[in-house]
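Engineer: The residues making up each chain are set out below.
Protein chains: 2
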Amino acid sequence: MPEYKAPLRDMRFLIDHVFDFHTNYAALGADDASPDMINAILEEGAKFCENVLAPLNRSGDEEGCHFDNGVVTTPTGFKQAFAQYVEGGWHGLAADPVYGGQGLPSSLGLVISEMVGSSNTSWGMYPGLTHGAMSAIHAHGTAEQKETYLSRLTAGQWTGTMCLTEAHCGTDLGIIKTRAVPQADGSYAVTGSKIFISAGEHDMSDNIIHLVLAKLPDAPAGTKGISLFIVPKFLPDTAGEAGERNGVSCGSIEHKMGIKASATCVLNFDGATGYLIGEPNKGLNCMFTMMNHARLGTGMQGLCLGEASFQGAIKYANDRLQMRSLTGAKAPDKAADPIIVHPDVRRMLLTMKAFNEGNRALTYFTAQLLDVAHLSNDAEARLEAEDLLAFLTPICKAFMTDTGLEVTNHGMQVFGGHGFIREWGMEQLVRDCRIAPIYEGTNGIQALDLLGRKVLGSQGKLLRGFTKIVHKFCAANAEHPQLGSFVAQLNELNQQWGELTMKVGMAAMKNPDEVGAASVDYLMYSGYIILGYLWLRMALVAQAQLEAGEGEADYLRGKLATCEFYFKRLLPRTAAHRAAVEAGSDCLMKLPAEVFAL
Amino acid sequence: MPEYKAPLRDMRFLIDHVFDFHTNYAALGADDASPDMINAILEEGAKFCENVLAPLNRSGDEEGCHFDNGVVTTPTGFKQAFAQYVEGGWHGLAADPVYGGQGLPSSLGLVISEMVGSSNTSWGMYPGLTHGAMSAIHAHGTAEQKETYLSRLTAGQWTGTMCLTEAHCGTDLGIIKTRAVPQADGSYAVTGSKIFISAGEHDMSDNIIHLVLAKLPDAPAGTKGISLFIVPKFLPDTAGEAGERNGVSCGSIEHKMGIKASATCVLNFDGATGYLIGEPNKGLNCMFTMMNHARLGTGMQGLCLGEASFQGAIKYANDRLQMRSLTGAKAPDKAADPIIVHPDVRRMLLTMKAFNEGNRALTYFTAQLLDVAHLSNDAEARLEAEDLLAFLTPICKAFMTDTGLEVTNHGMQVFGGHGFIREWGMEQLVRDCRIAPIYEGTNGIQALDLLGRKVLGSQGKLLRGFTKIVHKFCAANAEHPQLGSFVAQLNELNQQWGELTMKVGMAAMKNPDEVGAASVDYLMYSGYIILGYLWLRMALVAQAQLEAGEGEADYLRGKLATCEFYFKRLLPRTAAHRAAVEAGSDCLMKLPAEVFAL
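Residue numbers (this note's numbering), protein chains in the order written: chain A, 876 to 1473; chain B, 876 to 1473.
Hint data in this document are derived by calculation from the structure and do not stem from the laboratory.
There may be inaccurate statements among the hints.
It does not matter which identical chain is used: a pair holds within one copy or between any two.
Under the rule of at most 30 Å between Cα atoms (straight-line distance), these lysine-lysine pairs were calculated in the DSS-like manner [to be verified]:
no. : residue 1 : residue 2
1   : 1378      : 1443
2   : 1465      : 1209
3   : 1205      : 1385
4   : 922       : 1347
Produce the entire structure from the sequences given, and follow the hints as far as they go.
Structural biologist: Here is the structure:
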């Protein structure tokens, strides 16, 4: 297992210099998040993740979760680690102080989440789902619901889930079969079966609060007839504590390719008592509060596992001796040179580094928008941040998980045959990462959301909200002595992005299938450009610091070299994606379905 | 688990029409391979693989191999299936009749190997390694060695292995530590430890014949001091049958990401009796006879697993109902449309189909060259075939496994969340495929072999041997009414290929690192062009048959549509690979190793 060290240097470079969280926090009135406080959180968070969570990652994968007659036991150490996490104050870090949280900005919560995910993705699912449930209840719950549930969820006494998928539908929630029948006391009797419920049953908390999508008896068909219910495993008693067992049970857990220490449950609701949250038939809107949260979290799993993989690969590439450099021996005193001397090993390592650091920048950029959306008093600034978030969320989810999967595969490849062996831990990172492009809406669904709903659905407004930023950035830095040529490359792509979108939009007006035909390549194309912008932002800061004699020179030179690598070797992938987008839908749709398999 | 059906229709299209195996067989004097015989082999091979091997694939993955104090037991049913395979005559299909084989052309052996690999890749490792050992003994063994070993290996009574890798070296065989000390009786005492030995120990055969790389006491340093030894698990007695146990034992088996039913062994040689095969210090040359065989076989694993994945995905895409087509309901009587109506699902399916059928064509093209190299009386034709084989082998290995991995990942993605669940069998295909880009020389090593040794090492001659074929093909078909535009696209790329190679060659003369910097992208770039050529060859035949009213019209239309898809959506990836090649080595090499991890 690669030993995990939180990449604090890179995190601080982004927090302190590239995005200047401090000024933003001050402007938003988030005074608690002082530089000292941030520093303490980074240091302590790193310690917890490195020392408590990381050592449970391989063992959790090997042991997996246990299922015995409806009871789920998590792998050895998981329950204790959760207790320590709660005890350390990590669970309520970014939660509302009214319900016992520490009220720190969401962006800091995401910084810590990266460390959690890198050290133990499976474990991170349990608090992660709870945070999602908390945000939905916070946004849509009644005062009483918040008092009962939010306080205990924040305290880590109870945990949460989101129950959407059924055996016959995942993407297509309009056809769910779970039913909620109103009862005399104002509650509902919820009946149905849900699958793929992460953290649906486990031994970490006193109670599990399920947020369940179901249909009322008179509900309209489709997605406009879905309501959201709170269905606790144990019904709160009069004191609000976990009381009588509710009619929900775990039927089995899945045997999966990865995240094996995360319990993925079949949940059977058998007339279980549920409480409506939000308005009837508006459940999907409420659930989207969770899902947008979850989509950013899922996107980050690509970064988390990519970072863990990079740390393993870089160490191995420096340790493993194999062959001589083509330009002459670099370690003549040893039997062979460390493989990092070989250009193709460097290609893999730099690809990993470029995606990881670029994806981290994208996460922080997005996190800062979350802060503005949550905390700003300026309605216009909030609206602008929300628009950018709406645009960026599907890209964060899909681009970061697809590139994360590429990164973890490179990390495994660097290890050669040893990468395929379980004890080295590199293949686990690939398996754990492989779910990320699938769940929380497949990357194909994210791409439809981006191109169909967000970009074309806003007549291009949401895209222009971003390209405008890039355009201004390029104009301001066009004459940069070292980075000007990359600025020009970005500027050209930024312009092409708008033109390509226009072309697809025109085609889509005649034929809606053009959207689906273009969407995934369009999303990846967009992601590469966005990362190009963020890489240049980092490079500009690095160049300025180097010239001013500030910062750590080697680290900064690494940034600049990685930026150059990104522009020369990764950004040109946009050409292939653009060509695929421009190919249109005809060559996909002309073949009758029954001919495919011939 | 997706149910496997051998793709006989596509196989016959290639055998009968695109490559016309029959005329080639007749010219090579391979009279036994009559059309009737080929047909019988296809039909019976399909039955065996579908009915015997495929049902053991999931169970083999779940059960894995058992290790108990040096004894390895394969999963339930594996041993019996091997007996049936031998009994059915499959094992000796393409083996020399002098030693009990049926002497059919190698190409037919590869056709059957595809079926084996698609139905059960892990199981296929056991006969696969044996075939490799047979080819090395056939090429380099003495008459006595052939008599003793080859006859029993051909009969399936014994099986074989190749023992190269040690814990400290895989790629860099020049630094192996295993030693062979000459004994008074002309044998050698072999001592050392080998790892990652597929089929190194198991319960399928009476004896296991290890082909072991080791160093003689006075051997020169590096790869020029390696010799090859036959080290049987049981020493042949005077009658040539398995006798006394030799000093080789299995220390453990690996726990791996995939191909779990294939025993990957640590083998300890403790003064084991070995017999030199071939000349002293020329062992690597002998081993390359096996490795070239194995590299084609490994490349084909990408096709095999891709085909299995496609069969699962296409069925699921027709069965699974989810969402409505953007152009209006296609199955209005059902709750939703089958997901094959969605353009993005089709994008994944067509990508799978295009790579699989293209990779199958590449396999058959290569297989035909193997036949010529093995069987032709015309020395010039043999030499030409060998040159083309040398050029194509690393591309088959690396391009087919990288694209195979992409294909199996698409297949899993088509299944959504269900793809991540083991019982569906789609994730196993990804895991089983993931080793293929690593073993038998990583794809990075293949790329160095292609660009450094084959292309630049021959001053471009081996490349020109292929581009000449493409050039002639394009010239002959430039005016094709339906396919002319694709011919032009291919012709342009073919020309660009030569120019790009020249550019890299010039740069490499100044700086050898340019080879390693360009190699992987150069290999993928080359693979896409080669598949473009093969797709057009298939499309030309399909178009001609359609116009002549021959063949199965729907199948042929599928070919044409997939060709179009390939040219419009996959071939443009060459642009990204070209840009990466042109980026040169500087952006990879400028960063000092110690700065990477900062």
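Engineer: Can you give me the call for residue 1465 and residue 1209, within, between, both or neither, at a CA distance of at most 30 Å?
Structural biologist: Between. Shortest inter-copy distance 23 Å satisfies the 30 Å Cα cut-off; intra-copy 60 Å does not.
Engineer: Between copies, within a copy, both or neither: which fits residue 1205 and residue 1385 at Cα up to 30 Å?
Structural biologist: Between copies only: 18 Å across, 61 Å inside.
Engineer: Between residue 922 and residue 1347, at a C-alpha cutoff of 30 Å, which is it: within one copy, between copies, both, or neither?
Structural biologist: Neither, since 40 Å and 65 Å both go past 30 Å.
Engineer: Within, between, both or neither: how does the pair residue 1378, residue 1443 come out at a Cα-Cα threshold of 30 Å?
Structural biologist: So residue 1378 and residue 1443 pass the 30 Å test inside a copy (27 Å) and across (17 Å) alike.
Of the numbered hints stated above, the single one contradicted by the structure is hint 4.
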